[in-house]
Amino acid sequence: MTVGALANIEFLNVTDESSIIWNILGDKTVGAGEGYTTLGAGAKFRGLVLSKGYISAGDSAVILGVGDYCGGAFSATNYVTLGANATLGADGCKNGAATAYNNLVRVPEPSTALLLGLGLALFGIARRKKAGVH
Numbered sequence: 000m001t002v003g004a005l006a007n008i009e010f011l012n013v014t015d016e017s018s019i020i021w022n023i024l025g026d027k028t029v030g031a032g033e034g035y036t037t038l039g040a041g042a043k044f045r046g047l048v049l050s051k052g053y054i055s056a057g058d059s060a061v062i063l064g065v066g067d068y069c070g071g072a073f074s075a076t077n078y079v080t081l082g083a084n085a086t087l088g089a090d091g092c093k094n095g096a097a098t099a100y101n102n103l104v105r106v107p108e109p110s111t112a113l114l115l116g117l118g119l120a121l122f123g124i125a126r127r128k129k130a131g132v133h
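Residue 108 in numbering that gives the first Met the number 0 sits at position 109 of the sequence shown; the count goes up by one each step and never skips.
Read the hints as simulated data drawn from the structure, not as lab findings.
Just so we're clear, the structure is a prediction, and the values are computed from it rather than from any experiment.
Glycine residues also receive a C-beta, built at the ideal position from the N, C-alpha and C atoms.
There is no bait here: all hints are sound.
Label-pair restraints from in silico Cβ distances:
1. Leu121 x Gly66: 48 to 58 Å
2. Thr80 x Ala120: 48 to 58 Å
3. Ala6 x Leu117: 47 to 57 Å
4. Ser17 x Leu121: 50 to 60 Å
5. Asp15 x Ala120: 50 to 60 Å
6. Thr111 x Gly82: 34 to 44 Å
7. Asn12 x Leu121: 54 to 64 Å
8. Leu5 x Gly66: 21 to 31 Å
9. Asp26 x Ala83: 24 to 34 Å
10. Asp67 x Asn12: 11 to 21 Å
Quick list of in silico lysine to any residue cross-link-like pairs, SDA-like style, CA-CA up to 20 Å:
11. Lys43 x Ile23
12. Lys43 x Glu9
13. Lys51 x Thr37
14. Lys51 x Phe73
Whenever a hint applies, use it, and build me the whole structure from the sequences.
Written as structure tokens, this is what we have:
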């Protein structure tokens, strides 16, 4: 997605409870569609940008959310850069993404050794059954 310099993205009939999410995935063509986002210098943009590739905002670009939410820019595989005097959010805004994830519970991953041991044990049981040993 590319937004030109000095572009102003506004929406009609948006309330403070609205959500604007830009999901930039790209496509499967070789050399195209890497899922990147570029905002030109001085562009004013609204919403939360979820981009597969990099996100680059030029000088004095502004990314705002809706109501008292900041908006945001998240890259799944690359970097986010903001040019000189670029703004992400506004004074006193709340970051909805950060507060939404505060209640998540971390689930520990099984250790590699445990999984390897379980796999070898199952392999041994299957081999014994195939050989007819009980």
